[in-house]
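Visitor: Residue numbers (this note's numbering), protein chains in the order written: chain A, 1 to 116; chain B, 1 to 115.
Hint data in this document are derived by calculation from the structure and do not stem from the laboratory. All of these numbers come straight from a predicted model, not from anything done at the bench. Keep in mind that the hints are not guaranteed to be accurate.
Between beta-carbon pairs, the in silico distance windows are [claimed, not checked]:
| id | chain 1 | residue 1 | chain 2 | residue 2 | range |
| --- | --- | --- | --- | --- | --- |
| 1 | A | 3 | B | 82 | 33 to 41 Å |
| 2 | B | 51 | A | 15 | 40 to 48 Å |
| 3 | B | 45 | A | 60 | 38 to 46 Å |
| 4 | A | 60 | B | 31 | 42 to 50 Å |
| 5 | A | 16 | B | 51 | 40 to 48 Å |
| 6 | A | 63 | B | 18 | 21 to 29 Å |
| 7 | B | 66 | A | 116 | 43 to 51 Å |
Straight-line distance between alpha carbons at most 30 Å, and here's what the computed DSS-like set of lysine-lysine pairs gives [unchecked claim]:
| id | chain 1 | residue 1 | chain 2 | residue 2 |
| --- | --- | --- | --- | --- |
| 8 | B | 2 | B | 56 |
| 9 | B | 56 | A | 26 |
| 10 | B | 2 | B | 67 |
| 11 | B | 42 | A | 13 |
| 12 | B | 56 | B | 70 |
| 13 | B | 70 | A | 26 |
Every beta carbon over 10 Å from chain B, so not counted as near; a handful from chain A, in silico [unchecked claim]:
| id | residue |
| --- | --- |
| 14 | 4 |
| 15 | 33 |
| 16 | 48 |
| 17 | 52 |
| 18 | 62 |
Where a beta carbon is used, it is the ideal one built from N, C-alpha and C, also for glycine.
As a plain string of letters, each chain reads:
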Amino acid sequence: DAGVTQSPTHLIKTRGQQVTLRCSPKSGHDTVSWYQQALGQGPQFIFQYYEEEERQRGNFPDRFSGHQFPNYSSELNVNALLLGDSALYLCASSLRISFTSTDTQYFGPGTRLTVL
Amino acid sequence: QKEVEQDPGPLSVPEGAIVSLNCTYSNSAFQYFMWYRQYSRKGPELLMYTYSSGNKEDGRFTAQVDKSSKYISLFIRDSQPSDSATYLCAIPARAGGTSYGKLTFGQGTILTVHP
């Protein structure tokens, strides 16, 4: 059973460019969340997708956008890259969010983005 | 004030030591508390979670919640070099009053257990 997979593993971009990161959720999962983890910090929630729509969003600018496909895989797009966008981008998948219980989120290995 | 605060360490202990990792949180409405472990160049993996106050034990790991002081702890007994990792406390918080799913993490504590 494949876990959460992310591509690419590493990416180097320059300021002002655009980047697309990809995530395939764990088999059977339908919800995908994206997190940004700066060096020495804990992950910060970017947004979450379920049923191909953005359901929740953290405190990130509109430069960060996403998409979920019918097969539940997801993309994270970042436009007009800044030096401060350099981080590990983590994708987490889970089952449909329940109103009454917490969900176990399974994380992928992340994509290391470096902005020069 | 941050929702979740965690002492970043780093923490270095000899093999066999008891390790104590701690976080504080600000919102008394939080009810679920999680601990994730993150090895170098890997994504976080769920170690344990607890609901409300009290203790929960799983092998060498014990998670403890004190809601009166908004304090959560993870204890590792008989620590092993393989426990060397970053430990993250996390709280699933409601966003927009809809559902859980957004995890708010502490900064993470880097733990090294040396032989």
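Visitor: So, for every hint listed, does it hold in this structure?
Guide: Status of the hints after comparison with the structure:
no.	hint	in the structure
1	3/A x 82/B: 33 to 41 Å	20 Å, violated
2	51/B x 15/A: 40 to 48 Å	45 Å, holds
3	45/B x 60/A: 38 to 46 Å	24 Å, violated
4	60/A x 31/B: 42 to 50 Å	26 Å, violated
5	16/A x 51/B: 40 to 48 Å	46 Å, holds
6	63/A x 18/B: 21 to 29 Å	45 Å, violated
7	66/B x 116/A: 43 to 51 Å	45 Å, holds
8	2/B x 56/B	25 Å, holds
9	56/B x 26/A	27 Å, holds
10	2/B x 67/B	17 Å, holds
11	42/B x 13/A	22 Å, holds
12	56/B x 70/B	17 Å, holds
13	70/B x 26/A	33 Å, violated
14	4	7 Å, violated
15	33	7 Å, violated
16	48	6 Å, violated
17	52	16 Å, holds
18	62	17 Å, holds
Figure legend: structure checked against the earlier numbered hints; hints not met, in rising order: 1, 3, 4, 6, 13, 14, 15 and 16.
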